[in-house]
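S.K.: One letter stands for each residue in the lines below.
There are 2 protein chains.
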Amino acid sequence: MSETQLRPDGPGPEKTHDQMTSPAADDATVAKDVHLSREFVDKLLEAVRAEDAAGARQICDDLHAADMADLLQVLPARERRKLLNLIQSDIDPELFHEIEGEARGDLYEITPNTQIADAVTELETDEAVYVLEDLRDEDREEVLRALSADDRVAIEESLSYPEDSAGRLMQRDLIALPEFWTVGQTIDLLRSDDADIPDDFYDIFVVDPAHKPVGTVPLSRVMRNQRGVALGHIMEKKPHVIEATADQEEVAYAFTKYHLISAAVVDESQRLVGVVTVDDIVEVIEEEAQEDILALAGVGESASVNESLFEVTRGRFTWLLVNLATAVLASVVIGLFDAAIEQMVALAVLMPIVASMGGNAGTQTMTVAVRGLATKELSATNAARILKRELMIALGNGVLLAVISGLLAWLWFGSPGLGGVFAAAMIFNLLVAGMFGLLVPMGLARVGIDPAIASSVFVTTITDVIGFFAFLGLAALWLF
Amino acid sequence: MSETQLRPDGPGPEKTHDQMTSPAADDATVAKDVHLSREFVDKLLEAVRAEDAAGARQICDDLHAADMADLLQVLPARERRKLLNLIQSDIDPELFHEIEGEARGDLYEITPNTQIADAVTELETDEAVYVLEDLRDEDREEVLRALSADDRVAIEESLSYPEDSAGRLMQRDLIALPEFWTVGQTIDLLRSDDADIPDDFYDIFVVDPAHKPVGTVPLSRVMRNQRGVALGHIMEKKPHVIEATADQEEVAYAFTKYHLISAAVVDESQRLVGVVTVDDIVEVIEEEAQEDILALAGVGESASVNESLFEVTRGRFTWLLVNLATAVLASVVIGLFDAAIEQMVALAVLMPIVASMGGNAGTQTMTVAVRGLATKELSATNAARILKRELMIALGNGVLLAVISGLLAWLWFGSPGLGGVFAAAMIFNLLVAGMFGLLVPMGLARVGIDPAIASSVFVTTITDVIGFFAFLGLAALWLF
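Residue numbers (the UniProt record's numbering), protein chains in the order written: chain A, 1 to 480; chain B, 1 to 480.
Just so you know, the hints here were simulated from the structure itself, not pulled from any lab data.
One thing to keep in mind: the hints can contain errors.
Which copy? The list can't say, so a pair holds if one copy fits it or any two copies do.
Claimed, not checked - DSS-like, lysine-lysine: derived pairs with alpha carbons at most 27 Å apart: (1) K43 / K388; (2) K376 / K238; (3) K376 / K237; (4) K82 / K388.
Please construct the entire structure, taking both the sequences and the accompanying hints into account.
M.R.: Next comes the structure, spelled out in structure tokens:
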């Protein structure tokens with residue numbers, strides 16, 4: 001860090017807006033994703049195909065590691081590997097934790113373990129852990145051996161916590177000071193050349209003699225106080241403390257709810273062992289939302305457009321096979337009424353409508369319930385009230401849709417009886433959809449199954465089976 | 001802020017873990033949501049029903065505003081209003097922006113505008129804007145009139161930006177300094193009693209004479225440098241700059257991708273006008289993910305379990321009506337083949353399976369595509385490659401499922417011909433599902449329609465119609 005003389009003749013601080021017009025902000029980066037434009041990609045592909053290492057490096061030189069990761073993910077596999085080989089010695093350490101999907105596998109494959117170890121040394125603990133947890137066992141051993149003892153111990157300790165836990169997300173370097181330390185002492189310490197001081201941090205942690213966190217002081221507060229003030233006087237008491245074994249979803253929930261920027265992580269004896277910062281949490285939130293969305297659609301976890309083809313096909317197949325089984329169940333119900341259908345083929349024409357409406361209404365309620373459970377807006381405390389509410393919604397929509405579809409069936413097939421049966425089945429199935437759309441996710445959550453993953457199959461099976469049964473059964477009873 | 005003498009005899013900093021065991025962390029808060037436990041809620045309800053204001057206040061006294069908001073949201077409407085009336089004069093200003101759903105309406109209704117104005121004064125600009133944007137016009141005017149001129153101008157300017165834009169999210173108080181200012185001058189300024197200095201901030205913005213941002217200095221870096229160092233020497237150049245009119249989804253994307261903690265917001269002439277911080281972005285990410293999940297399920301925007309019953313019913317009705325129309329379209333296709341169904345009722349039994357499998361496979365591909373578009377993993381650059389990939393997945397799963405379901409149909413109805421038709425229709429419909437599951441969201445995105453909202457209806461209509469047509473059409477051609 002360079003040092004410069006104070007220029008005492010400089011103007012004072014300007015914190016008000018002046019009225020000058022400024023030229024266009026050439027050096028400020030307004031995010032525009034130029035690196036994904038067809039033009040940029042084509043220029044790069046040209047250099048790659050010509051095996052022009054200098055050209056390729058020059059094109060990629062200014063890219064942020066996150067942009068480089070994006071770029072590698074959109075390139076075709078052959079060109080991606082070629083490019084990685086061309087720029088290999090120039091790779092930004094940050095790229096190792098930014099990259100995802102197939103590109104991630106390619107990058108790790110072409111990079112010697114010694115280079116991975118060098119990169120890991122540059123990263124924060126949580127980023128290093130992310131890199132290491134995906135390596136093959138023998139590669140991980142080799143990389144760990146090439147690290148300094150300090151780094152290795154920190155990473156191994158993080159790796160000892162369960163996957164997706166706060167312990168894996170935490171950064172080990174942090175500033176922890178006793179209550180009686182002053183602002184002046186703190187600033188002097190930070191200005192010293194201590195290697196353990198993290199690059200970026202937002203809070204000073206105040207700990208008791210047992211290294212238990214008792215408060216936090218945001219950096220801005222350290223700066224705004226006089227040198228003589230003790231940290232204990234300006235700290236936020238009752239800091240939010242996260243157990244190292246806590247699931248990342250719980251951690252993200254606390255960060256979102258309490259607007260945290262960083263939080264202390266403690267081990268089982270409540271001693272401060274690390275810090276989780278909000279930038280890691282932003283990724284967790286995106287990941288968890290992504291998982292929920294994909295799970296609700298039955299795509300499973302490995303769902304990035306960059307995952308291996310076989311994995312994706314297998315993951316989706318499982319779900320489709322389950323769906324086939326449930327669809328057959330619904331068909332068996334139809335089969336029970338084949339005589340009625342033979343007598344009145346209109347039943348076959350109309351029956352998918354009842355099932356489809358029930359399925360859609362059920363999915364609506366279920367999705368709201370799954371999200372309500374995730375955001376804790378829905379709990380045992382208010383379940384009865386919400387059920388009543390869902391049934392009222394179902395009744396309202398059911399009556400309206402029954403009138404519309406009953407009239408439609410009457411007009412289409414000229415049979416008021418068929419219209420009546422159709423309308424009655426519609427109301428009944430929407431009520432079933434509203435009820436099970438709520439009860440299925442709540443029941444699954446209670447027995448410890450992730451409702452986002454499993455609800456959909458139960459709800460649609462129930463609405464299909466009951467929908468066909470109600471419509472065809474009522475028809476068999478009333479129309480013949 | 002109090003000031004204390006330095007205690008020079010204090011021990012040095014302890015940044016290593018010592019080995020003492022500590023007692024349980026009584027004063028550290030491990031998030032446990034006790035305020036939502038049945039016991040806690042029951043105790044509170046008892047006080048509320050007894051109109052025991054002192055008791056209710058005492059029970060709620062220690063709650064964080066976010067917990068209080070949660071609590072209000074799970075209470076039944078009558079008790080919620082009663083509780084609000086009991087604790088009204090004690091309400092934490094933060095509660096006004098933490099609260100959501102029906103509880104929000106209740107809180108605003110029982111609170112006099114003067115009290116809302118007092119609360120708004122305590123909040124950050126973006127929080128104040130969030131409170132004001134939901135008030136009735138005449139209430140908003142009254143609250144604005146009760147504010148100081150400074151606060152009013154700041155809030156009115158923010159309100160002048162479009163909803164869901166960076167201008168609405170930004171905080172106006174920030175520290176902007178010229179390049180040649182030193183660390184020492186900066187710390188001295190921060191220690192002064194200037195009222196415009198925000199409570200919490202993470203970066204110092206470096207601006208040129210035209211008030212254009214040219215760099216940022218993280219607070220930790222200010223603290224780690226000697227007093228004489230100029231900001232220009234330690235700033236991050238090329239700061240990420242966000243236009244005040246940018247949509248919040250774009251802003252969240254930049255924060256996630258580049259791991260930002262705060263970012264400068266500029267007006268149309270590139271002058272610094274505010275700062276967006278990551279805690280606001282965390283909420284945006286949750287909101288946007290929520291919107292996507294609910295939109296994919298056809299629930300629409302107003303989907304919290306706390307929205308008004310009528311609004312929710314209407315929102316879902318619209319979607320169900322659209323679904324009814326598309327289901328009727330599918331039924332019309334079935335109606336074309338009523339003669340075939342009369343001859344062979346097994347067709348009616350099996351036909352929902354083909355449609356359901358197509359619908360599910362289509363939803364899988366569509367969900368991956370919608371998320372890929374949101375995370376920019378899917379773009380025009382790699383669309384052809386991804387389409388090939390989806391068709392291969394569809395072919396793989398289609399062949400496997402066709403064999404299984406073909407055999408099933410053969411065994412069930414003793415007709416190898418029916419089994420063959422069923423299998424062929426299955427492969428064909430899965431290919432259709434894979435193709436349109438990708439092309440529909442991409443096409444919608446290209447014409448500027450949010451693919452999360454509109455894809456589902458198109459994809460399932462296509463797979464239903466083509467599924468029925470393929471199965472019944474092939475049966476009509478081959479079996480009779």
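S.K.: Each hint: holds or not?
M.R.: Right, here's what the structure says about each hint:
When the C-alpha separation of K43 and K388 is checked against a cutoff of 27 Å, the pair qualifies only between copies, where the shortest distance is 24 Å, while the shortest distance within a copy is 61 Å. For the homomeric pair K376 and K238, the shortest alpha-carbon distance inside one copy (23 Å) is at most 27 Å, but the shortest distance between copies (40 Å) is not. In this assembly of identical chains, K376 and K237 lie within 27 Å of each other by CA distance solely inside one copy; the values are 26 Å within and 42 Å between copies. With identical chains, the CA atoms of K82 and K388 are at most 27 Å apart between copies only, with a shortest distance of 22 Å across copies and 61 Å within one.
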